[in-house]
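Asks: Residue numbers (the numbering used here), protein chains in the order written: chain D, 465 to 758; chain A, 56 to 247.
Possibly wrong hints are sitting among the right ones.
Computed Cβ-Cβ distance ranges for the label pairs, DEER-style [as the list claims (entries may be wrong)]:
{"hint": "1", "chain 1": "D", "residue 1": "T501", "chain 2": "A", "residue 2": "S132", "range": "56 to 66 angstroms"}
{"hint": "2", "chain 1": "D", "residue 1": "T703", "chain 2": "A", "residue 2": "V114", "range": "33 to 43 angstroms"}
{"hint": "3", "chain 1": "D", "residue 1": "D725", "chain 2": "A", "residue 2": "I113", "range": "48 to 58 angstroms"}
{"hint": "4", "chain 1": "A", "residue 1": "I113", "chain 2": "D", "residue 2": "A710", "range": "17 to 27 angstroms"}
In case anyone wonders, no lab produced these hints; they're calculated from the structure. Where a beta carbon is used, it is the ideal one built from N, C-alpha and C, also for glycine.
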Amino acid sequence: MARREPSLVSYEFFRRISKHIDKFELQSRMLGTLYATQSIREIGRLHTYSPGERGEYDYTKYALWLYPHANWSEPMLYYTGFGIDHESTVIKGFTCTVDPSARDAVRLYRNCALPAPLWLPQHLRTKAHHWDVFGIDRISVIDNAMDLTANSVVLMYLVLGVILLRMPPRRGDLKGLVERTQSSKQSGYISTLPGYVSQKHMGSKKFGGFDPRYKKVRDRAKAKANLTVADYEAKLLETTLDYNHAKHPQLRKPRIEVWRDGQELAPLVLPTGNLQIRSVYALTYETSLTREGV
Amino acid sequence: MLTLMPEAEGEPAVKMSRTEFAALLVLEEAEMVDELEDPHREMTREVTNLSFSPLLRIVDWHAKIYLLRRMMRWSRSSPKSPRFRAAYVEAERELNEYQLACGLGHCKTWSHWTFYHDMQRWRSSKYAMAAIQRKGVEYCPWATPAPLYEEARKLAHEITLKHPGWTIEKVHEEALKKLEPSYARPKEANRG
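One chain only, chain A, in its complex shape:
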């Protein structure tokens, strides 16, 4: 439903569905007047809509926001430092108390390690609230894998296309044969 506010004061607002409004536009009984300012061009998401998430996911989201705000002060410390870990334990304890008081038991928790990297990702998205998605902070996996895996990928394509009938086991075996000379690990000493 659309609520159309009249320009003159004292007149009541008009409520109508989008369809009715569009019908009026088509029949030229209504007119849209463009705004004079340029439209907002910044391409950032300003709002994260949680209303389609399940309730537990919404609770998780709030917990994450609370922890992120609470841990901002320690965002420069290493996740291995005792200060950081103590602060995180404290923050988690407070959150847990609050959740228990609300009647929420067994809520989702995160390790201090995961949480530290969440903060880093939040920082890289300029601390935008909208970067905190339904599943955590927006995250892109690394695009460059290790050279061994890059070569394994190429070999897998090559061998499969050369022998289309081979099973994955056979392709795996063949690729390992080719990879081992250049990437073999040093053999463990015989303990016997």
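With the rest of the complex left out, here is chain D:
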């Protein structure tokens, strides 16, 4: 049998090289730039260097039927807002709301920026010791939802000195980590709860609200609902702590350790003083009219 001559450069070398060829360029030559832009987006992993550098905030598209409290007769559809830190991927805070508004956006950011004992309900505060994630980000990323981009919310960011990035519609990839976190929470925990409605069954812009085709699905979920908001928040807190103490997928140590280690390099910025907190997060306090004014 004839001995095969080894080739000058091996096939293996070419196979490895082929992985590094620009896929966008390749697709644009095959299909045209218009199609390539739609299927391949030129994004790499965005790199941040310390926790607290970039925070991402968003509401879930899926929702949950919950009773506002135990004495309520009919459940309501609640969305959950999450704020995460980009570098360490810890969940900084969350909030649940029926109808996301500017007040809820401010509340979401307040929950992320203030230490947990200052905003968690009284009966959950003992768990706050394990959740030492707080502080004002350098950059905050939001999408262009009406509630997140309201004037009062932007004003809050302005007062705190945060650089605000508003991401365009249909570009979830530009704040992909918060989307991924929401999806993890959904698949790992929230979808198992009674009263859960997935985003597919919620609706879309086409219908200007809830999708009439899935009304029965939503009604069935509503019939199953048995949790109150307080129950849900308590459980969400537990799973959030689990999530924060799980290993960071890239850095191979618990997310919260990444966060804590980062504090030595880039210490946190905290809002201080009752006056500042009450004025910056004014929307989250109940208003009452007295003879001194509002």
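Mind docking chain A on chain D? Use the hints.
Replies: Here is chain A on its own, set in the frame of chain D:
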């Protein structure tokens, strides 16, 4: 948990979680006082944290440290020299004895060649302990490949972008055709 030591002697230390401490800071019930000295600016890693590594990796790490310290005296000799090789065999034997006495059999070993280059890399990082990573001494591969491979890389990009539908085999074949005239090896004499 944070342990706050009081300035006055005789008072007990206060233990609290970071969250509680931060809450006090926010409510302005506690205050952070900056240190007056400038912060340490030297950008070297001083500590390698092994606590997240598996146990075997930690054992390997200690073995490597032992061998590095033991072989420092011969770091200037060539790895091919009999002196170096004899010293390495001796060091390995001692280490092995010690490991067996601890009840550790079949631990990881390194060839004298690998080990010599570990020492060279350690030297280039100024013998910093933190340069000895979980997987050995910090190492960067060479950035400049041989001209043949550099050209092959360029050709691979060029051909793939020109014919996006081609398989890797076809691209390989085409690139070899272009490379062979300039880089062909002398043919072996026919032994028949």
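Asks: Quick one: which hint numbers does this structure break? Sort them smallest to largest.
Replies: 3
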